[in-house]
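**Student:** One letter stands for each residue in the lines below.
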Amino acid sequence: MHELSMAASIVEAVTESVAAYPGARVRQVRLRVGVLSAVVEDSLRFCWEIVTEGSALAGSELVVTVLPVVVHCASCNALSEVEYFGGLRCPRCGEPAGDVRQGRELEIESIEIEEAGEMEDAVASQTHRAGSRFPGGIEERV
Amino acid sequence: MSTRIVELRQGILKKNDQLARALRERFGAAGVLVLNLVSSPGTGKTSFLEITLRELRAQGARTAVLVGDLETDNDARRLARSGVPVKQVNTHGICHLDAEMVGRNLDVWEGLALADLDYLFIENVGNLVCPSSYDLGERIRVAMLSVTEGEDKPLKYPTLFNSADIAVITKIDLAAACEFNRELALGNLEAIRPGIRVFETSAKTGAGMEEWLRFLTSQQAGTMQS
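Read top to bottom, the protein sequences are chains A and B.
For the record, in the first sequence the residue sitting at position 91 is 499 according to my numbering, with numbers rising by one throughout.
For the record, in the second sequence the residue sitting at position 138 is 187 according to my numbering, with numbers rising by one throughout.
What the hints contain is simulated information worked out from the structure, not anything from laboratory work.
Just to be clear, a hint being listed does not mean it is correct.
[To be verified] Lysine to aspartate or glutamate pairs mimicking EDC-like chemistry, simulated, CA-CA at most 16 Å apart:
hint: 1; chain 1: B; residue 1: LYS205; chain 2: A; residue 2: GLU491
hint: 2; chain 1: B; residue 1: LYS63; chain 2: A; residue 2: GLU424
hint: 3; chain 1: B; residue 1: LYS253; chain 2: B; residue 2: GLU232
hint: 4; chain 1: B; residue 1: LYS63; chain 2: A; residue 2: GLU513
hint: 5; chain 1: B; residue 1: LYS63; chain 2: A; residue 2: GLU491
hint: 6; chain 1: B; residue 1: LYS136; chain 2: B; residue 2: ASP124
hint: 7; chain 1: B; residue 1: LYS64; chain 2: A; residue 2: GLU420
hint: 8; chain 1: B; residue 1: LYS64; chain 2: A; residue 2: GLU424
Model, not experiment: these values are computed from the prediction.
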């Protein structure tokens with residue numbers, strides 16, 4: 409039900425990031441979504457087209473990697489993937505294991521963009537070499 | 050034309066999380082204990098809060114409530130009878146409260162100073178799915194279920210119960226009539242959130258409320274120390 413808000417948040421975050429590439433179109437948005445994150449992939453896709461309309465993300469593809477729940481067991485010290493519908497138990501020793509190490513992720517991993525033209529591309533590459541134009545933790549690979 | 054991959058590695062709800070962090074700091078600095086109450090519609094959040102507010106007020110504690118609903122101010126009017134400041138947040142169709150709504154409503158709440166409060170209760174929109182993703186800056190997230198909803202609620206909505214700090218079972222006065230299997234319900238809560246503390250209460254008979262209030266008082270004392 410809240411996938412519409414989620415989709416809007418993704419569009420907002422991606423729009424901010426592509427501002428560094430004037431005129432660029434977003435072709436693909438890759439997400440990492442944990443099983444415990446309460447986001448339904450189908451619902452997200454359902455509203456994607458509507459939410460992206462008129463933005464740099466219009467027509468983009470949404471790629472979702474679903475991450476299973478991984479718990480750490482305090483009893484046997486194992487890290488294991490669990491089927492969480494039956495409850496959080498260590499599959500190795502059977503003890504309750506509430507220390508969730510993976511499965512709550514809700515993140516934008518990367519985006520694939522198509523740049524407007526060679527001019528912009530050259531500018532973007534130079535800026536990248538200068539290394540100052542990309543805010544907070546954004547890395548880049550061409 | 051060229052394509053490139055830009056790695057973002059950022060939370061989808063980064064904005065909400067940042068706002069929630071700022072709220073948490075603000076609440077901490079003001080020494081107010083903030084609880085986010087989440088359940089299905091009809092679990093009895095409002096009745097449970099009514100008793101809680103009345104008892105806290107009798108103890109001399111200063112309390113306020115932010116109550117979220119899609120529409121109407123029925124809950125706010127009910128809670129206001131307890132004599133504490135109450136503010137209704139109508140989300141107009143949005144199925145959850147987020148940190149921005151909480152912050153904005155606190156800012157426009159005339160006459161309310163966080164530093165004058167001991168407790169702030171946030172009654173979330175009745176929904177067991179969406180509120181789980183939105184941090185509101187609370188210290189304690191309370192997941193509630195009533196005996197009439199069935200013992201398997203935690204298994205059906207594991208995300209929410211897994212994200213909760215404590216659980217409250219309501220309407221235990223109806224347990225026998227509903228053939229509520231207490232052991233099964235507690236087992237299911239434990240399975241989804243190992244080690245979770247559970248309060249079994251009735252707003253009608255007052256059962257379990259004393260223990261709940263003792264818990265609140267001890268948590269509030271912790272807020273003051275930190």
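**Student:** If a hint holds in the structure, say so; if it doesn't, say that too.
**Tutor:** Hint-by-hint comparison with the structure:
Restraint check for LYS205/B and GLU491/A: the C-alpha separation of about 14 Å stays at or below 16 Å, so the hint holds. For the hint pairing LYS63/B with GLU424/A, the CA-to-CA distance comes to about 13 Å; that is within 16 Å, so the pair holds. This hinted pair does not check out: LYS253/B and GLU232/B have alpha carbons roughly 22 Å apart, beyond 16 Å. A distance of roughly 12 Å separates the Cα atoms of LYS63/B and GLU513/A; the hinted pair therefore holds under the 16 Å criterion.
Of the pairs offered as hints, the one joining LYS63/B and GLU491/A is violated, with about 27 Å between alpha carbons and a cut-off of 16 Å exceeded. For the proposed pair LYS136/B and ASP124/B, the alpha carbon gap of about 10 Å is at most 16 Å, so the pair holds. A C-alpha spacing of about 10 Å is found between LYS64/B and GLU420/A, which places the hinted pair at or below 16 Å, so the restraint holds. Between LYS64/B and GLU424/A the CA atoms are separated by roughly 12 Å; this keeps the pair inside 16 Å, and the hint holds.
This entry does not satisfy hints 3, 5, going by the numbered hints stated previously.
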